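In order, the protein sequence lines correspond to chains W and A.
Under our numbering, the first sequence has 261 at position 62, and the numbering climbs by one with no breaks.
Under our numbering, the second sequence has 342 at position 143, and the numbering climbs by one with no breaks.
If you are wondering where the hints come from, they were derived from the structure by calculation, not from laboratory data.
Given the structure is predicted, the values throughout are model-derived calculations rather than measurements.
Heads up, some of the hints might be wrong.
Heads up, the list lumps identical chains together, so a pair's fine if it works in one copy or across two of them.
Stated by the list, open to error - Computed list of lysine to any residue pairs in SDA-like fashion (alpha-carbon distance at most 25 Å, straight line):
| hint | residue 1 | residue 2 |
| --- | --- | --- |
| 1 | Lys360 | His231 |
| 2 | Lys358 | Ser403 |
| 3 | Lys355 | Tyr227 |
| 4 | Lys355 | Thr395 |
| 5 | Lys360 | Gln407 |
| 6 | Lys355 | Ala327 |
| 7 | Lys360 | Leu448 |
| 8 | Lys355 | Arg306 |
| 9 | Lys358 | His396 |
| 10 | Lys360 | Asp410 |
| 11 | Lys355 | Ser403 |
| 12 | Lys355 | His396 |
| 13 | Lys360 | Arg371 |
| 14 | Lys358 | Pro210 |
| 15 | Lys360 | Glu391 |
There are 2 protein chains.
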Amino acid sequence: MSVSQATQLRPVIGIIGFGAFGRLMARYLAPHMALRVYDPRPAEPNGQSYGAVRTDLAAVARCPVVILAVPVSSLAAVVSTIAPHLRPGTLVVDVGSVKMEPVAIMRAGLPQGVEILGTHPLFGPQSAADGIAGLRIAVCPVSGRSGRRAAAFLRKVLKLKVIVTTPEAHDREAAAVQGLTHLIARVLVAMEPLPTHMTTRSFSLLMQAVDMVRHDAPEVFEAIERSNPFAAEVRQRFFSLAAHVEADLARDG
Amino acid sequence: MSVSQATQLRPVIGIIGFGAFGRLMARYLAPHMALRVYDPRPAEPNGQSYGAVRTDLAAVARCPVVILAVPVSSLAAVVSTIAPHLRPGTLVVDVGSVKMEPVAIMRAGLPQGVEILGTHPLFGPQSAADGIAGLRIAVCPVSGRSGRRAAAFLRKVLKLKVIVTTPEAHDREAAAVQGLTHLIARVLVAMEPLPTHMTTRSFSLLMQAVDMVRHDAPEVFEAIERSNPFAAEVRQRFFSLAAHVEADLARDG
Chain W
200 MSVSQATQLR
210 PVIGIIGFGA
220 FGRLMARYLA
230 PHMALRVYDP
240 RPAEPNGQSY
250 GAVRTDLAAV
260 ARCPVVILAV
270 PVSSLAAVVS
280 TIAPHLRPGT
290 LVVDVGSVKM
300 EPVAIMRAGL
310 PQGVEILGTH
320 PLFGPQSAAD
330 GIAGLRIAVC
340 PVSGRSGRRA
350 AAFLRKVLKL
360 KVIVTTPEAH
370 DREAAAVQGL
380 THLIARVLVA
390 MEPLPTHMTT
400 RSFSLLMQAV
410 DMVRHDAPEV
420 FEAIERSNPF
430 AAEVRQRFFS
440 LAAHVEADLA
450 RDG
Chain A
200 MSVSQATQLR
210 PVIGIIGFGA
220 FGRLMARYLA
230 PHMALRVYDP
240 RPAEPNGQSY
250 GAVRTDLAAV
260 ARCPVVILAV
270 PVSSLAAVVS
280 TIAPHLRPGT
290 LVVDVGSVKM
300 EPVAIMRAGL
310 PQGVEILGTH
320 PLFGPQSAAD
330 GIAGLRIAVC
340 PVSGRSGRRA
350 AAFLRKVLKL
360 KVIVTTPEAH
370 DREAAAVQGL
380 THLIARVLVA
390 MEPLPTHMTT
400 RSFSLLMQAV
410 DMVRHDAPEV
420 FEAIERSNPF
430 AAEVRQRFFS
440 LAAHVEADLA
450 RDG
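Just chain W, with the same shape it has in the complex:
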């Protein structure tokens, strides 16, 4: 059986956006699906594509499943561009770090008859370095019934822990989980060089947490801190409690 025959027999998935996370998905989807990808940037000369075939945006949009792996800030533009090319019954999936804004954009911009699934894989290239089995993904079913089949695939085949939630509940938790981690990581990276020798286990864990996110694309930080409607409030609470700690230290000193 030729490669092209094998490709014909497997489900076809389109990926729009082939950055760090698009490639991470391709690595784990390639054994199960034929992949068509579109990215406006040219392919990196030595970049791994995991057998994904580059093609034009319209061709990717005609796949039965289309994953939008673009920054949240570009999502509205991408949705409006692909909308005319999508077939009825297509499952459109986003993978953004927030869920309220992307789900609202997809609801508003995608045609009737397209099924929508919001997802947030709670991992990235660093945390998935040793594989994705056991890692978490939040899933917000929006419309259609294909989302359920997709969730079963994530759980059974990719061995992810699937957390079914709503966009608002997701964004409230993510504001704390990712809002705090990325804020703290950004500040600690700015303080470097930090000690590497005379360290405690607690400090090493803290720096491991930083290492998980320090190479994330700037768009990830933007989505987490800016597109999440609850993130500013979490940061304010962090700053306010930190100011209390400082005031206590100043007062009794």
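Here the structure of chain W is known, so what remains is to put chain A in place on it, guided by the hints.
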């Protein structure tokens, strides 16, 4: 051979202060030494003493090695109380989280002829839960030659990583390593409850770092943030860089 005979043959170490860290030391020293301890608080009814014998302060001070496991804030009082009871050649060791202040107190308050070793075990009851082999201890030799033998014991018998340093170099590094960890941990604990379900690996590592220090005695936080002359400056840098991050988010939003 009776227990008391065995005790006679082993080196005798006195421990002043039998709190969480005093007991942790007893656990790892007991197989190698006979231990005499003094703590003004009565023994806890079900507290583990690891074979350490409780006695009065003067008796502990007459041991050939005396470890001061008391809060930095009590150290000056303890040093002045034990000074008259110490024998020439006694090795006095402290285990405080800072080194400049304790070493200055011991230099000023201990009699001539007593040998002094400042140490900072870079671990506590939580981080040592699975044993201490491979963990780190900073060591500042101050006077006498027994410190060297003690360092060899820590390295060879207890399998610790011994970092020989000066009180000032120690306090500069500890201001970042422990100052940041304990500040961040204190603020995150104040923000609880935090999500436990929809978490990332980075957030889990951050919370593991918090768990390492959340049960530390309040005196540990005090020593790290208040008795370290460089800690306030590190906190100010953290707050100032955090304010920059926040200002950037506010400006371009």
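| query | Does the structure break any of the earlier hints, and which numbers would those be? | reply | 7, 8
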